[in-house]
Amino acid sequence: MSPFRCFVALNAVLLGLLSLPARADLKVVTTLPDLAAITKAVGGEHVQVTSLALPTQDPHFVDARPSLALDVNRADLLIAIGLELEVGWLPALQNGARNTRILTGSPGYLEAAQFVRTLEVPTTRVDRSQGDVHAGGNPHFLYDPRAALQVARGITDRLASLDQKNAEAYRANLEKFTAELEKARAGWEQRLAGLKGTPVVAYHRTTAYLANWLGFDTIAYLEPKPGIPPNPAHVAQVLTQARQRKARFILQEDYYPTTTSKLVASKIPAPLVLFTSGTDFRGGQTYLQHLEDLMTRLEKGMKGQGT
Amino acid sequence: MSPTSCRLAGLAVCLSFCLSPLTPASAQTPREDTDTPAQEPEPAPDPGLSAEDLKDIEEALGKDAAAAAEAGTAPATTPPASSNGVTLSPTNIDFHGLNLAFILDVAAAGFTSKEPLQTGGHDPTTNGFNLQQLELSINTAVDPYFRFDGNIVFSQFGVEIEEAYATTSNLPGNLQVRAGQFLTRFGRINPTHPHSWEFVDQPFAIGRVFGGEGNRGLGVEGSWLTPLPWYVEVLGSVTDASGESTARSFLGADLGGVTSPFDFQFTGLLKQFFPLSDDLSLLWGLSAADGPNPTGYRNRTDVFGTDVYLKYRPLKGNSFTTVALQAELLYRRRQVPQDVLSDLNGYAQLSWRFDQRWAVAGRYELGTPAYGQNGSVADDPLDPEWTGNRQRLSANVTFWPTEFSRLRLQGATDIASWRERPDYSVFLALEVVMGAHGAHSF
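Protein chains in written order, with full-length UniProt numbering: chain A, 1 to 307; chain B, 1 to 442.
Heads up, a few of these hints could be off.
[To be verified] Heads up, simulated EDC-like pairs for lysine to aspartate or glutamate below, C-alpha to C-alpha not over 20 Å straight-line:
1) B:Lys311 with A:Asp58
2) A:Lys246 with B:Asp53
3) A:Lys262 with B:Glu58
4) A:Lys262 with A:Glu299
5) B:Lys316 with A:Asp280
6) B:Lys114 with B:Asp383
7) A:Lys262 with B:Asp355
8) B:Lys316 with A:Glu299
[What the hints assert, rightly or not] Covered by chain B, per the in silico footprint, the following chain A stretches (three or more residues, Cβ under 8 Å):
9) 67-74
10) 197-205
[Unchecked claim] Over the 12 Å line for every Cβ pair with chain A, so calculated as not near, a few chain B residues:
11) Thr126
12) His193
13) Leu350
Read the hints as simulated data drawn from the structure, not as lab findings.
By construction, the Cβ of each residue, glycine as well, lies at the ideal position given by its N, Cα and C atoms.
Generate coordinates for the entire structure from the input sequences, incorporating the hints supplied.
In structure tokens:
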């Protein structure tokens, strides 16, 4: 056999092998690692889960890298947050993936927002002069374990309908996850009871659900309008408000810049509490561990310790 | 609309653009002032804020509205930014999944040369104000089997269907077919629109080889995403080979009509993506196009291209840093009576986004004259003046108030060896995006 023929044959074999379905598992791709962690918790060994975004990434601005399109191409189920959080990048991946299973409206596409009672839904007409306002409501609901539980239920139902032979296992996993999360939630609520009514300054409008759950009061945002970086006049105002209301700490995700927040924190003075937005799913962290980390940081913030 | 009213409208836009504050800092000032009383019942200068505090804020964030905070309600010395004139309708336009967006590009330009060598159809070309384009982009799902994309461009003297095509969404085997009028996916920059460019103008390589509007045509395209473990896409298209500003190396303005299958342009592409790490991405493409040219019976043109895009964007930490290197090389061979002409055109550009709102970029371009088979410079029927190398260096700085608006200041020096001295140019361009902001491809 000539070397060329040998090469062609080798390639053909390689292609054949690679195009074989890897396993019978349900392949789930989620936009955010929190969704991945929740899906893994209820899916267990029957699902293979990948998250498109990393926990340290701003979920509004993810690059639609072709390697992500490849993940979406091979997915049986795509789970997104919705409420236009991923509007800047997910449609490019969905439309380019050549996978009809995960197109909007198909059984293989699930938006988590439908299971949650959304907050901050604009009651008046919004346009972009108000900044990056999400017209459907605030999409940052996974900081609230109660919302996460609703989402976990929704995901379980979808997994069960797509993979009926393992439906029992999914429901059992959900029960286990619910019990663990509810137990942890009671503990967190107890530890952070002191946060009720506490004035807090945040960077972006991401704290609505966390505040709604723990009862703290977000008195100001460092961004003058959602998505618009801080400017001196606004920061001066925030500082004034924070001093008047005696803000306990500044709370922000670690993907936002810290120059302004550090300055304001030192001026109030109050600690700056930085936290990682998502679960380090790839590193093996669970959703509970991620929330535990966030609660620890809030607890420290209450005691006057920043991060 | 008559040309006069078009001109008037263009003038109004340019004028308001000029009158509006050009620096971001001053643009924010009045807005803050007007907001202040509404948001807070008390005036901003609280006894709690010392002069030192304000000074620190100024140092950290710039000086823009320090005075505003100090004076509580600053006098409106500059016109309010909201009267900017170019903010059309900023609401989302989405009728049952039909995504509509308008993109306006205007620029003020200055050239040292009376006849600038700009080759792009959307480039600023004259001293003074230029309407680069008003683009209407539409996309929607047609039914469970097709998607539709359209790009309709309004220029000062007409309307043009830049792209209008249907894409299949339900083919098996990772296949996708497009049909209609589309920009061929040759290389990296050709299939894109000014909104996603990092420079005000198009690289001259595209304008010289394909035409001011880039290579596009009516036709059909098939593509296949291979099942390999990394991203490999293979694509081929058949398009019309005519069009003065879209297929100038091919039939160009010659309206010969199709008499055999060889009268079409054939384009092929192999695109590969390598995620080198979470932060580092490499996209590499190989392209080829072949089609008839009008210089004689069965004379053909071949264009071979390669493009690389290397992007570094750290996903950890609070940095907005993005560094991207993009380069493209086009090698063209044309059969002409008694000779085969070949030339090489290309560009390399490096951009660095160092802040949420700011980026700088530099670009180098090179175009050789056409060489004959004997290796000497030959007469080029398309660009007769192009008797030596042309090089162009461009640099720019970009400011994005939000992802829906962009100001870009660009300077360039164009060294065409057949001209006595280098040409210099400067552009100040504004882009605003209204309506549904489509997702960006990588």
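Worksheet item: Any of the earlier hints contradicted here, and which numbers?
Response: Checked against the structure, the hints that fail are numbers 8 and 10, while the rest are satisfied.
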